[in-house]
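**Student:** Sequence:
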Amino acid sequence: MGLWALSIKLDIPLRNGLMGLVHKTRLLKFQPPPKYRKHWHSDITVTCQNLLLTVQKLDLASFLKKKKKPGMATVKSRKEKGGEATKEESIVFETSKGVETITSFDKMGIKDELLRGIYEYGFEKPSAIQQRAVLPIIKGRDVIAQAQSGTGKSSMIAVTVCQIVDTSKREVQALIVSPTRELASQTGKVILAIGGFINIQAHSCIGGQSLGEDIRKLEHGVHVVSGTPGRVVDMIKQRALRTREVKLLVLDESDEMLSQGFKEKIYEIYRYLPPTIQVVLISATLPNEILEITNKFMTDPVRILVKRDELTLEVISNCLVSVYHGKTVLKLVDWLTEKMRMSKFTVSSMHGDMPQKERDAIMGEFRTATTRVLITTDVWARGIDVQQANHGDKSLKMMMMMMVSLVINYDLPNNRELYIHRIGRSGRFGRKGVAINFVRDDDIKILRDIEQYYSTQIDEMPTNVGDLI
Numbered sequence: 001m002g003l004w005a006l007s008i009k010l011d012i013p014l015r016n017g018l019m020g021l022v023h024k025t026r027l028l029k030f031q032p033p034p035k036y037r038k039h040w041h042s043d044i045t046v047t048c049q050n051l052l053l054t055v056q057k058l059d060l061a062s063f064l065k066k067k068k069k070p071g072m073a074t075v076k077s078r079k080e081k082g083g084e085a086t087k088e089e090s091i092v093f094e095t096s097k098g099v100e101t102i103t104s105f106d107k108m109g110i111k112d113e114l115l116r117g118i119y120e121y122g123f124e125k126p127s128a129i130q131q132r133a134v135l136p137i138i139k140g141r142d143v144i145a146q147a148q149s150g151t152g153k154s155s156m157i158a159v160t161v162c163q164i165v166d167t168s169k170r171e172v173q174a175l176i177v178s179p180t181r182e183l184a185s186q187t188g189k190v191i192l193a194i195g196g197f198i199n200i201q202a203h204s205c206i207g208g209q210s211l212g213e214d215i216r217k218l219e220h221g222v223h224v225v226s227g228t229p230g231r232v233v234d235m236i237k238q239r240a241l242r243t244r245e246v247k248l249l250v251l252d253e254s255d256e257m258l259s260q261g262f263k264e265k266i267y268e269i270y271r272y273l274p275p276t277i278q279v280v281l282i283s284a285t286l287p288n289e290i291l292e293i294t295n296k297f298m299t300d301p302v303r304i305l306v307k308r309d310e311l312t313l314e315v316i317s318n319c320l321v322s323v324y325h326g327k328t329v330l331k332l333v334d335w336l337t338e339k340m341r342m343s344k345f346t347v348s349s350m351h352g353d354m355p356q357k358e359r360d361a362i363m364g365e366f367r368t369a370t371t372r373v374l375i376t377t378d379v380w381a382r383g384i385d386v387q388q389a390n391h392g393d394k395s396l397k398m399m400m401m402m403m404v405s406l407v408i409n410y411d412l413p414n415n416r417e418l419y420i421h422r423i424g425r426s427g428r429f430g431r432k433g434v435a436i437n438f439v440r441d442d443d444i445k446i447l448r449d450i451e452q453y454y455s456t457q458i459d460e461m462p463t464n465v466g467d468l469i
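In terms of full-length UniProt numbering, the sequence shown is numbered consecutively and its last residue is 469.
What the hints contain is simulated information worked out from the structure, not anything from laboratory work. Backbone N, C-alpha and C define an ideal beta-carbon position, used for all residues, glycine too. Check each hint, because a few of them may be wrong.
With beta-carbon atoms standing in for the labels, derived distance ranges [unchecked claim]: (1) Asp334 - Glu124: 42 to 48 Å; (2) Ser210 - Lys125: 37 to 43 Å; (3) Thr103 - Thr368: 31 to 37 Å.
Calculated cross-link-like contacts (lysine-lysine; reagent style DSBU-like; alpha-carbon spacing at most 35 Å) [to be verified]: (4) Lys139 - Lys247; (5) Lys111 - Lys265; (6) Lys169 - Lys237; (7) Lys189 - Lys296; (8) Lys296 - Lys111; (9) Lys357 - Lys217; (10) Lys237 - Lys217; (11) Lys125 - Lys169; (12) Lys445 - Lys263; (13) Lys265 - Lys296; (14) Lys357 - Lys339.
Generate coordinates for the entire structure from the input sequences, incorporating the hints supplied.
**Tutor:** Dropping the structure here:
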């Protein structure tokens with residue numbers, strides 16, 4: 001039985017409104033064990049609405065004043081801060097010997113025009129994973145790079161791809177494969193933005209789009225393709241995507257890509273690529289079984305890994321709420337959308353069966369705050385950054401990461417690695433985040449497994465949600 005989660009995300013800066021992301025789930029009511037009955041609620045929907053309203057009313061002005069302007073993750077030393085280590089400092093990288101730590105984009109040997117694009121985009125200093133991974137990739141090494149959500153993995157892909165590509169050749173030279181349409185599309189947009197001054201041409205090959213449009217774009221000539229496994233394979237087989245000049249293969253969210261659902265497609269893509277292909281795997285989690293698979297198509301890879309016991313959740317406060325067990329509600333997306341609208345929330349809903357254009361339009365409404373709450377499937381928990389753009393200024397440096405503060409899991413994931421992907425939508429770039437988990441009595445074992453795996457403790461939710469912020 002698949003487990004889904006309901007996550008509600010709030011945009012802290014909006015004092016008179018709220019931003020939300022609600023993941024598709026089963027509506028459950030369940031009896032808590034005696035130890036966890038203190039904060040049980042008989043109606044989960046009412047509980048979620050109350051949490052939304054509670055956080056909406058919180059006075060977070062003092063909290064916001066302490067926060068730096070969003071941008072590339074910047075790390076201050078303990079001496080500079082005079083206190084505890086930051087999130088980035090708490091990550092201990094188990095890297096291969098000889099890997100340099102480059103603390104400035106200027107010192108990475110990056111093209112001047114690309115540097116201009118990086119700074120124009122709003123980045124100032126590379127994050128910890130970028131400081132270690134960019135240079136080996138640029139030098140042509142196979143790389144396994146692991147970092148938590150929000151530490152700059154997508155922009156690392158964009159920087160390295162833009163540096164490696166020869167824009168004088170109108171051939172596909174870099175291929176990026178992602179598990180979801182939205183992640184593939186987002187990566188393509190970041191590449192176009194950062195590579196604007198070098199005139200890089202990138203196209204997203206994803207399901208739900210016209211095959212004819214993909215073929216037309218590829219025949220016209222692009223330097224980079226960012227796509228999903230199925231569509232990429234289709235384009236290769238139709239000979240629209242020529243692979244003879246491809247020199248870099250990037251597998252984003254590689255733990256998902258190499259799982260049972262995508263492994264065969266990845267191997268099929270790999271068989272069409274030149275034997276000298278450079279392979280880069282990037283993900284928030286890299287379990288041992290995934291690392292074993294990489295031995296089949298990587299050569300002496302540089303490993304830039306976060307130790308398992310260092311995959312901490314320090315920036316995200318985790319707590320639990322116990323509730324009663326009851327029936328599953330059919331057609332939950334439509335039902336929950338109606339309930340939230342009755343509670344005066346501006347809501348839209350989305351799922352994987354919708355046409356891609358409709359999904360893009362709905363996501364656009366959410367990014368621009370036209371829609372306050374988005375009800376969608378769990379796939380959106382992985383690797384998607386929700387950004388707001390200032391439409392009065394087309395400059396991408398005006399784009400800002402939404403300050404998501406709260407994620408609510410209706411159900412715990414049956415995969416402990418997925419937990420960090422779900423709650424990683426909050427607490428991004430070192431900002432404070434809160435994760436609230438609704439648990440049944442038979443979820444306690446999973447909860448304790450998550451606690452042990454990430455070396456954290458998940459306590460009962462305090463009466464005042466503001467105490468967590």
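**Student:** The structure should be examined with respect to each hint, and the outcome stated for every one.
**Tutor:** Consistency of the hints with the structure:
Range check, Asp334 to Glu124: about 44 Å between beta-carbon atoms, so the 42 to 48 Å window is met. Against the hinted window of 37 to 43 Å, the Cβ-Cβ separation of Ser210 and Lys125 comes to about 40 Å, which satisfies the hint. Take Thr103 and Thr368: their Cβ atoms lie about 35 Å apart, and the range 31 to 37 Å holds. Of the pairs offered as hints, the one joining Lys139 and Lys247 holds, with about 12 Å between alpha carbons and a cut-off of 35 Å not exceeded.
About 34 Å separates the Cα atoms of Lys111 and Lys265, which keeps this hinted pair within 35 Å; it holds. At roughly 22 Å between alpha-carbon atoms, Lys169 and Lys237 fall within 35 Å of each other, so this suggested pair holds. A C-alpha spacing of about 31 Å is found between Lys189 and Lys296, which places the hinted pair at or below 35 Å, so the restraint holds. As the CA atoms of Lys296 and Lys111 are separated by approximately 33 Å, the hinted pair is consistent with the 35 Å bound.
For the hint pairing Lys357 with Lys217, the CA-to-CA distance comes to about 17 Å; that is within 35 Å, so the pair holds. At most 35 Å may separate the alpha-carbon atoms for a hinted pair to count; Lys237 and Lys217 meet this at roughly 16 Å. Proximity of Lys125 to Lys169 is assessed by CA-CA distance (about 30 Å); at most 35 Å being required, the pair is judged to hold. Simply put, Lys445 and Lys263 have alpha-carbon atoms about 30 Å apart, close enough for the 35 Å limit, and the pair holds.
Note on Lys265 and Lys296: the hinted pairing holds, with a Cα-Cα distance of about 15 Å set against a maximum of 35 Å. The hinted pair formed by Lys357 and Lys339 meets the criterion: a straight-line CA distance of about 26 Å does not exceed 35 Å.
The structure fails none of the hints (numbered hints given earlier).
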